[in-house]
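Novice: Listed in order, the protein sequences are those of chains A and B. Just so we're aligned, residue 0 is where the first sequence starts under numbering that gives the first Met the number 0, counting upward by one. Just so we're aligned, residue 0 is where the second sequence starts under numbering that gives the first Met the number 0, counting upward by one.
What the hints contain is simulated information worked out from the structure, not anything from laboratory work. You can trust all of the hints, since none of them are fake.
Only pairs whose alpha carbons sit at most 27 Å apart, straight line, appear in this in silico DSSO-like list of lysine-lysine: (1) A:634 / A:255; (2) B:368 / A:13; (3) A:49 / B:248; (4) A:255 / A:409; (5) B:248 / A:229; (6) A:561 / A:429; (7) A:525 / A:408; (8) A:13 / B:298; (9) A:26 / B:188.
Sample of chain B residues at the chain A side, in silico, Cβ under 10 Å: (10) 258; (11) 260; (12) 261; (13) 300; (14) 333.
Some chain B residues flagged as far from chain A (calculated, every beta-carbon gap over 12 Å): (15) 102; (16) 157; (17) 194.
All values derive from a computational prediction rather than experimental measurement. Ideal Cβ placement from N, Cα and C applies to all residues, glycine included.
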Amino acid sequence: MLSPGSGNTVIKSKLISRRMFLLTAAKAVVMVGLIGRLISLQINQATKYKSLSDKNRFREWKLAPERGAIKDFFDTKIASSEPLYQLHLVPENAKDLDNLFVRLKAILNITDRKVSYLKRVIKKQKPWEPVIVSENLNWSDFSRINLFLHELEGVEPIVSVARTYPDNSSAHILGYVSQISTKDLQTKEYLQDLAVPGMAIGKTGLERKLDEQIIGKVGYQRYEVNAFGKRIREIKIDVGKAGKSFKTTLDYEVQKYTNELLKDKAAAVCVMDVYNGDIVSLVSSPTFEPNEFVHGLDKAYWNSLIKNDKKPLANKALSGLYPPGSTIKTLVALSALENKIIRPLDTFRCKGKIELYGEKFHCWEKDGHGIVNLRKGIQRSCDVYFYEVARKLGVDRLSETAKRFGLGKKVLTDFIEERSGIVPNTKWKKKFIGQNWYLGETLHSGIGQGYFQSTPLQLCLMTAQIANGGFKIKPRIIVDGKNDNLRNYLKHKNENPNEPLPTDLLVANFDLKPLFKNQEHINLIKDAMFSSSNEPGGTSYRHRLENPKFTFAGKTGSSQIKRFTEAQREAEVKQESLPYKDRDHALFVAFAPYKNPQYAISVLVEHGGSGGKAAAPIAKKVIKKVLERHELRRKINNLIGESV
Amino acid sequence: MLQPRSIQSSLGIRDKILSLDFTLIISILLLGIISMFAMYSTDGGEFKYHTNSHILRFFVFFGMFFVISFISIRFWHETSYLIYIGIFVLLLGVKYFGLTSSGSKRWLDLYFMNLQPSELMKISLILFLAKYYHRISIDGINSLKHLIIPVTVLIAPIILVATQPDLGTSILIAAGGVIVAWLAGVRAKFFIISGFAMLALLPIAISFLKPYQKSRILTFLNPERDPLGAGYQIIQSKIAIGSGGLFGKGFLNGSQSYLDYLPEKHTDFIFTLFSEEFGFFGSLFILLLYAIIVSRIVKIGNLTRSNFGKLYCYSFATAFFIYVVVNMMMVLGLLPIVGSPLPIMSYGGSSMMAIMFGLGIVMSCKIYKDVPVN
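Go ahead and model the full structure; you've got the sequences and the hints to work with.
Specialist: Structure representation (structure tokens):
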């Protein structure tokens, strides 16, 4: 039993060992394979996996940079980033959410609706993600929260920064900031690396125009996060860089003053330095509250803005299009003089109306102005005189002059809300309306009605370029420290009265762009505007300023909304008795002081009736205010190296 | 021939202790201690539940290992069938009274621990077949008659475990059984034929797979298929190991693990964690320890005079090697994630118990190397 068994056993044992040897060899091969894999992962591809591991590990949160300030000409901040007190809640740190909300309601003014909204948000989010209980706490609420903080576990008072405007006086020109929208991200390239959730960007006005530079450089916080996205610890912080601040040409004091004057009216005012194009004031009324836009707009407030007939959101100074009315007569007269159509003393008889081509053309003065020359035509704003001039001049020559003086194209750059208006001529009509020009339309154009469309800013520029002696200026709103050729020219001219150089030489020396053929024509227009404001019979005589320091020369205008019917004309219906919506827009342009022009102004009052009654009184007050501050402004101009 | 037997049968305790394989014991202890550090790291550098219970289990089962070692190999030979039957009954028990966790029924609640009989089945099947093949003569091995029992004892537990469902463990059980048969001398032809038969049955088998099992296999073939879903584990494990580099991120600094990117870090992915923190050299050291353990077991097989002992040691060594390799290949992205623990290192009482039990019998083979089993 034993010996065969043991022989069997020995053979079996050898077989087992042989087969084991094969297995051992296989193991060695597998072992080598495993080590090879380790080498491949941990040595050859280590760099790749290290970066993948870091990608897992680190997550960055962008920090919104501080928006640069916008200052007025006297360095008053008219838009700034101010501390903002917010209340955040981290649900995972709160022991009892319901109880916490009860406590919060007792301390702050939180509505039940807000509480249920917050609870919904909390449910959707991860428990460590904070919810914003209150976006903008006032100081007393904030300090009260801090007082009770020990019993409000989970609540975190946060000091943040947000755009703040001192008031709403410059809302339109500054524009407003608001949360980034999906559309912004798609259309604005500079936001690509910049977008931070919750960051506000400029939507209109200067805020939009300057957005790219004023927004600053985004900072970030790098955190180590776990697989569920929870922040474990902060690794690095880069606070970014605050945006660039900008100094504007605006005068905050004038802005406030003008805004107050225009209260409750649908109106706009532009004031411009006639030599360097600095926009001193640009106000549109009614205004809106820009601070409301910063933290998500209240629906009721938004609706009130949208439904308001006076369109508070529109910047009427830049985007409101109005027929220039009689204010265009300055350019009609100038164009006629330059084209040698009339001489200053050529006269026409105004009988209150003329009949041409089977159509009646009325003068605003029913009984007529009698014998009218150029000066009287502008002084009294005689329509019949300008019908005649326009008829002789023709619309094409008029449009050429109007365009030269800045009508029909945008005055500023990068304001999306600005509109270019229309300067009609025969070609334009053919192209855009598809009809031939009628002579009657030339007459309407001659008094600034019909197809003519202009913005108050354009009218202000037009007036400024007349006031400065007929030189082209480039209006600006950001102080750029560029040389001021026109003032240098003027200075030179005033300092050397005894050695007058020919104008064309001066022009060449100072790199000016004259808009006239003969400067005498410009002076004639200025003189006629003076008479309109300062001589009895002038359309704005009643609102003159007699102090020579403030004396202005202006031109009234009204842009027709609805043509008067013959019956209304006969009944001598007054503008005031018409329904508000049917009243003419009142316009007034002027420059001051007359002797030594510094500023041009344009005033528009929607449905104000006549320019003389509704717009001139506002211009008078604003001019006085601006001129009172002229010395202050001049000092700053000297400081920043601009000669006066 | 008679002389040593009589000496062996009267071994004193001192002789027994001296005849222990200390290299093997030290390697196991070293691996156990390393696993404690790894577990401590998975607990985020604190002595928490996993670490504490892992340490406790290691020492309890390490003690058990010695107890088993000192029991004569003759006893283990005699009780082999009984042990198998006992474990098989437990497996049946799982089917009816088992605890269900994440969709599969694998555990028996023993009040003081949850036992996973399928882990124990890995060892007891080897024990059973080693005895079976020890007893039949070499000429009879390839007779059809002698295939019936091995195939039955192999298939029955595999079906039970696979339907728990636990694909990984059932494959590992099968691997152990097949190795014993192969070592015993069953013809290669037989393995090839059954291999082909398996291949033919594969489509049918696939239809029995649970959706998550299918997805795991598909994911293995292309981990980027679903990087946040089924592919997540493989990808994160490779990132962890790869980012460890040559020297690792340092003890307790495995970011993949402590930031919870690494799944199942206590159990199947413990090697990943270790490899992330100790790098290529650390991993190599672990591989070396396993290689020492396996080669020591083989060596004990060489020393053992009985074919039962040889069959058992060789088979267990190979099975042990397969457990290690399957787990490592899994976490290295070379095999689908089938769920198999790394011997000694992974958290899990049943696995630890089974491995220590298996090693204990190996050590018993060493101590009683000259004792004939029948």
